[in-house]
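Engineer: Next come the chains, spelled out residue by residue.
2 protein chains.
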Amino acid sequence: MTLLEECDSGTPPFIKEAAEKEPVSPEKLTRLVKNGHVVIPRNKIHDPIPKPIGRNLKVKINVNIGTSENQVDLQKELEKVKIAERYGADTVMDLSTGGDVDRIRRKIIRSTDIPVGTVPIYQCGLKKAREGAVVEMTSDDIFNSIRKHADDGVDFVTVHCGVTKKSVDSLKESQRLTDVVSRGGSFLTAWILHNQEENPLYSEFDYLLEIAKEYDLTLSLGDGFRPGSINDATDRPQIQELITLGELVKKCREEKVQAMVEGPGHVPIDQISTNVKIQKELCHGAPFYVLGPLVTDFAPGYDHIVGAIGGAIAAYEGADFLCYVTPAEHLGLPDTDDVKEGIIASRIAAHAADIARGVDQDIDRNISQARKELDWERMFDNVVDFDKAKKSREEKNVSEDETCSMCGDVCAFKILEEYLNL
Amino acid sequence: MTLLEECDSGTPPFIKEAAEKEPVSPEKLTRLVKNGHVVIPRNKIHDPIPKPIGRNLKVKINVNIGTSENQVDLQKELEKVKIAERYGADTVMDLSTGGDVDRIRRKIIRSTDIPVGTVPIYQCGLKKAREGAVVEMTSDDIFNSIRKHADDGVDFVTVHCGVTKKSVDSLKESQRLTDVVSRGGSFLTAWILHNQEENPLYSEFDYLLEIAKEYDLTLSLGDGFRPGSINDATDRPQIQELITLGELVKKCREEKVQAMVEGPGHVPIDQISTNVKIQKELCHGAPFYVLGPLVTDFAPGYDHIVGAIGGAIAAYEGADFLCYVTPAEHLGLPDTDDVKEGIIASRIAAHAADIARGVDQDIDRNISQARKELDWERMFDNVVDFDKAKKSREEKNVSEDETCSMCGDVCAFKILEEYLNL
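So the protein sequences, as listed, match chains A and B.
Using this note's numbering, read the first sequence as starting at 1 and increasing by one per residue.
Using this note's numbering, read the second sequence as starting at 1001 and increasing by one per residue.
Hints listed in this document are in silico derivations from the structure and should not be mistaken for laboratory results.
In this text, a Cβ means the ideal position worked out from N, Cα and C, and glycines have one as well.
Each hint should be verified, as a subset may be incorrect.
As the list claims (entries may be wrong) - From the structure, some residues in chain B lie toward chain A, with a derived Cβ separation under 7 Å: (1) Glu1069; (2) Pro1300; (3) Val1306.
Please construct the entire structure, taking both the sequences and the accompanying hints into account.
Structural biologist: This is the structure in structure tokens:
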């Protein structure tokens, strides 16, 4: 039985466990899963820690890892998984495209208890691209890659089902600056244009649902036409695809398959709220998984900050799941340091949205209480990165100092402590 | 004549120059300055580059520098000024509290053409604190320190005129977690509590206006009761003080002295818009100069990111001037690396707000056009940090590669280039 089928006869144990760390009861969480407003990725084979994603819950973050053609080092990828777990990632996606990707994927899945996602079309597209041309993929190649990933225990997969003949037409008619920046989206756009046929992930969606149901795989409906520049945000190709994804969400629910929807991308601050609201409407309240959003194109090297701004706003407006962005975005493959920086920035965005939505405010209260008492150790115990805070304090201060080197002897807390209780 | 007096007889040359880089005409900018919705700090003695701050203009950023008790190195402070100019700071504030602060201030003012601000009460408060107790400052000490800074050519000063007996009462009655975190605010709160007298900066505000008028000094009305934790945001002491600052803004205008108003501080995302709107209402449209805002207390070591999130939202909602926050915030005095990180984060926030408000969108368009064409050099010429982008690309890629190591041979732009024009 899929998790959605289990929900028909009460509250499944997996959902009871999931509710423990959330601001909702197990019964309410079951209702949210049943109506598709929450997903809890879980492949029967992997059986990960439950990480519920969606309405009324804490904002979750995903960490992309993986090799590329010229950078293949399994140990490094496994180290990235450890960093992801340590700094509070809720899920990881293995996007490996270099080396023995089957082995790498299996090792990653076995190394962690948090849900793992993949984008199966990368593997079959790359194989064809390296043998000749990506457009030579067959429908079987595509579905077999998804089945293989599911069989390895992957908990959720990105599937670009909304890249259709119709949306490709709307792309061609548009005045887009950066056409297609989604890798999977570009494979399928090229495939449709070359073969003049419909995307199998759309035309044979029922078959995809069969595979998903067999493994209880959560579908993450990818946005192949997400805007890749501020100029292209919220344009017709993007919204055309979103309409299609909304239709597919309904089909998933009918078949008791969990589904979420992916979103932009590059979006200016003034359009983020609109993007979240239109996704929630067109996709019938399905969880919204956003990449960034990136609120400017002008900061390569700092896109983790750009993504934290967009992610915090999106999450506050109702996005449920933030895909992290690293400082390496738009420049190259992230190394372990980039991964850490990306996770922290994304955690800050998620937590800032949580507290603005009334959740986890006691974390900040405890830190500020400790700060006022100049109890540095107790403060650091609760912060996003204990190591950096502690190291920075040690470097910037003399160890005997009770206060810090910013104000020294004229610390506002010390001065007020003396006079406020007169 | 002060700039405001000059405005009575047409458009002053200083405002004509200021309008060149703004999306408004010189005439409109003159009207904005006249009605107090824009300030252009300029001490007659310093005569800096015009950096107009306020409604309808590009968002500006300030960079705090300065020594502290145990970290005194003039060369380092001058280096920080150069970094500030290089990465796009609009103003610097010298907050030095260690070493020969008079000499340091004068050297900093002479080293730069952008406006310089200070917080004069630091100097007189520290002197008294080190001689005995900060509460022994006299009214003369306070005003003489302001006059000295003005006489050195400082273009704007923070003056905590809103810390009054009334607001201190409201603080004592409140359930604040972190009382007072503003250094100047803590000096004056202690002073009022100890001496049981009114804050001279409030009771003798007319004298302050005389000094300001003499030098054409812009007053930045400080928020001594800015919230220092998420818990304290938008509480009565903060708003009580803001009401007072709004009254003082009117007095400034009557005397033809330019004034802006400082704001929080620690504010959760859901309260930022309210904070901007209430400041604009209570302070009659005076420019709003915000510190952060910091949208969570839980990220010491990363407060530049926390401040970038809050700053971007605040600026989009109408704040005019962002005080940068560095990774060293809450931990110690920032070094030159921290200063650079802080400026970049703040520039990202300001620019993201600008493009969301319809200004400078061509910067992002040009970058994205270059990105699509894989013209890395042209892209980097337009980004916030040329050096980091270039270095990162060199480190993460083989130099002959046209694409990058993220996608390598399956670059979406390359694939689409081949098939989209079929």
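Engineer: Confirm or reject each hint.
Structural biologist: Hints and how they fare:
1. Glu1069: holds, 4 Å
2. Pro1300: holds, 5 Å
3. Val1306: B:Val1306 check passes; min Cβ-Cβ to chain A is 6 Å, inside 7 Å.
The structure shown violates none of the earlier numbered hints.
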